[in-house]
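Colleague: Start from the sequences, fold in the hints, and give me the full structure.
2 protein chains.
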Amino acid sequence: MTFSFELLTEDKNSHARAGLIHTSHGDIPTPVFAPVGTLATVKTLTPADLHTLQATLILSNTYHLYLRPGADVIADFGGLHHFMGWHGPILTDSGGFQVFSLAGLRDIDEQGVTFRSHLDGSTHRFTPESVIAIEEKLGADIIMTFDECPAPDDYHYNVEALDRTHRWAERCKAAHHRPDQALYGIVQGGVFADLRARSAEFLTSLDFPGYGIGGLSVGETKAQMHAMLEVLHPLLPRHKPRYLMGVGSPEDLFECVARGIDQFDCVLPTRIARNGAVLTKHGRLNLRNACYTADKNPIEADCQCYTCRNFSLAYLRHLIIAKEVLALQLTTLHNLYFMLETMRRIRQSIFDGTFSDYRAQFLAVYQPVVAEDE
Amino acid sequence: MTFSFELLTEDKNSHARAGLIHTSHGDIPTPVFAPVGTLATVKTLTPADLHTLQATLILSNTYHLYLRPGADVIADFGGLHHFMGWHGPILTDSGGFQVFSLAGLRDIDEQGVTFRSHLDGSTHRFTPESVIAIEEKLGADIIMTFDECPAPDDYHYNVEALDRTHRWAERCKAAHHRPDQALYGIVQGGVFADLRARSAEFLTSLDFPGYGIGGLSVGETKAQMHAMLEVLHPLLPRHKPRYLMGVGSPEDLFECVARGIDQFDCVLPTRIARNGAVLTKHGRLNLRNACYTADKNPIEADCQCYTCRNFSLAYLRHLIIAKEVLALQLTTLHNLYFMLETMRRIRQSIFDGTFSDYRAQFLAVYQPVVAEDE
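For the protein sequence lines, the chains are X and L, in the order given. Numbering-wise, the numbering used here puts 223 at position 231 of the first sequence, and it's gapless, one number per residue. Numbering-wise, the numbering used here puts 8 at position 16 of the second sequence, and it's gapless, one number per residue.
Hint data in this document are derived by calculation from the structure and do not stem from the laboratory. In this text, all values refer to a predicted model and were calculated from it rather than measured experimentally. Treat the hints loosely; a few may be bogus.
Identical copies go unnamed one by one, so any copy, or any two together, can satisfy a pair.
SDA-like, lysine to any residue: derived pairs with alpha carbons at most 20 Å apart [claimed, not checked]:
1) Lys35 <-> Asn267
2) Lys315 <-> Gly62
3) Lys273 <-> Val357
4) Lys288 <-> Gly62
5) Lys288 <-> Arg230
6) Lys288 <-> Leu97
7) Lys129 <-> His56
Modeller: Right under this line is the structure:
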């Protein structure tokens, strides 16, 4: 087993932690934000760009890669790292979230899920065993158990789904053999403290090397999400990484690191970039706005990213209005730099004992687009 | 005047020449292929990418920049170099080719051309004086006179258009004042040797620092194009650069360098890249082809471009099929590397006295898509 987690320090005023995940493709300083590379590419960026950004972990999606180009094609290359030319750490999800999002196109039973491809309507079946086999072919450093991600607020359905997800977690663990991969269990239980606690208790009994927290940021409020993290903090093992799946707006980094989270991934910074929106310490800017037509300033004067060091708001707006591909790259570069640099500062502040100050200072001026408890 | 051209050597077996153009933004070794950056961006690439490719000159389009973002916006930045973050040499065309391509949307008179924007149908007017004023605002190192580019095979219309183009060339020269820009005259005359000769004679009498050759690669045969270059070779001044406008497929580089051309630009390598076609020493490959689904080879085993050093045909095909933006970047990088590296080798072979051998060797295995004299 080449995977391990070192807990290096804990904040005195919150549950924030700083650590280091070791993998056979390199170390991941935590807390960490993982850019999303759904189809074996972080959209618009080269691996060289990701190195320049100092990304240390990227996520790729099992469901999407299973459909295109297929796990066997990637296995034939020796795995995702070789296929996509990114030789740092990679995490793959299990496809559970994607498959259960295919409303009307999937059918769940005890053994697994039958679903129809969103691409061509063809029928496929995932079971815990088949998903682990796919994830072993993809060869990521961190892989996830196959779980069900139900609507967060139906208690009775969450009970039923949770028990099945637990049985699937056991089957995933039994099916997993690659010693160079860490298989994380995924805590579910919707917005219900008792179910989250039960899930944490069950999964930790299986002794996974890390734990995902799934089913959040799918419709519940931020307050509900935070409450669930507070329930889980004392229940999850201190010396194992905790990964809050699919979460990672700028404000989430602060609020969830403060509640003990070590790993994040989120499509938000890259998706909004492709729509012409960029992140700043004051919130989002929409670069299509006519007020930027002749604006010589960069997105942020003190940002050290390639985009801010070289280009004006006017140039970025021009590229967006003209539908130039370069716009997508430059906004994506900035937004990922913003996320990764913010996380590096968070980590340093945990070591320095100033995390609470940095959190308060950041949140005092940052305007989230979606209001707290909206 | 900061612009000058040094003729460094001439081939013994052809009219090939190697030289150096000096500009205030750097030197341009010739012969040179200029990537096209229509809207102040070489589509899909950053200026850093262009430096890595060792591009030494890029072209941008006056007509397109006049419409978006407008010459005044760019002038307010101190010119195109500052606006787009490319601090090497830039050439702007005069918009003539674009305006005269707007069939049904433009009206020519002795003073200039009234035309409708292809974007919104709004009415605009270009005159020799207004075009030079725009090109001075854009601030490129090499700028072009405003010319008419008629269909190449109507003799009587070419006579009429040529005389007007010559009067416009005189007006452009009179209107041009920036000492840091070189204004090239453009030889026209369709496929008619007598008109080409007349045009060369008239324009050289105006003593421009360089000469464009326009109106070729617009429907005539390759043999006709070559014949025109052979007519012009002895008529154009030996110590001035000769720029064959809008021409530059791989085979054209060899055939036209051999006929005395120093400068090329062409959208072909970047445009076909965005359609999934890449250039190799054997001709074009269409990466959508299913035969590449699991192909671990790069586009070309001995190519030193970023794409070939890092990615397989299978990965590139996957990105193209999945419509990932990264595909456009990686194919563009390869195709421009292919063009620029081929031109570097051509230049070296002229110094080495081996150009004719290299030309024969390249053309023996390269299969153009469009056959000679098609």
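Colleague: Give the relationship of Lys35 and Asn267 under a CA distance limit of 20 Å: within one copy only, between copies only, both, or neither.
Modeller: both (13 Å within a copy, 18 Å between copies)
Colleague: My question is about Lys288 and Gly62: at a cut-off of 20 Å on alpha-carbon distance, are they close within one copy, between copies, both, or neither?
Modeller: So Lys288 and Gly62 pass the 20 Å test across copies only (15 Å; inside, 46 Å).
Colleague: Treating 20 Å as the Cα threshold, decide for Lys288 and Leu97: within, between, both or neither.
Modeller: The answer is neither: 49 Å in one copy and 35 Å across copies each exceed 20 Å.
Colleague: Using 20 Å as the alpha-carbon threshold, which applies to Lys129 and His56: within, between, both, or neither?
Modeller: For Lys129 and His56, the Cα distance is within 20 Å only inside one copy (14 Å; across copies 48 Å).
Colleague: If the cut is 20 Å between Cα atoms, do Lys315 and Gly62 qualify within a copy, between copies, both or neither?
Modeller: Close across copies (16 Å), not inside one copy (31 Å); limit 20 Å.
Colleague: Since the copies are identical, ignore which copy is meant and state whether Lys288 and Arg230 lie within 20 Å (CA to CA) inside a copy, between copies, both or neither.
Modeller: Neither way: Lys288 and Arg230 sit 49 Å apart in one copy and 43 Å across, limit 20 Å.
Colleague: Give the relationship of Lys273 and Val357 under a CA distance limit of 20 Å: within one copy only, between copies only, both, or neither.
Modeller: This pair counts as within: shortest intra-copy Cα distance 7 Å, inter-copy 56 Å.
This entry does not satisfy hints 5, 6, going by the numbered hints stated previously.
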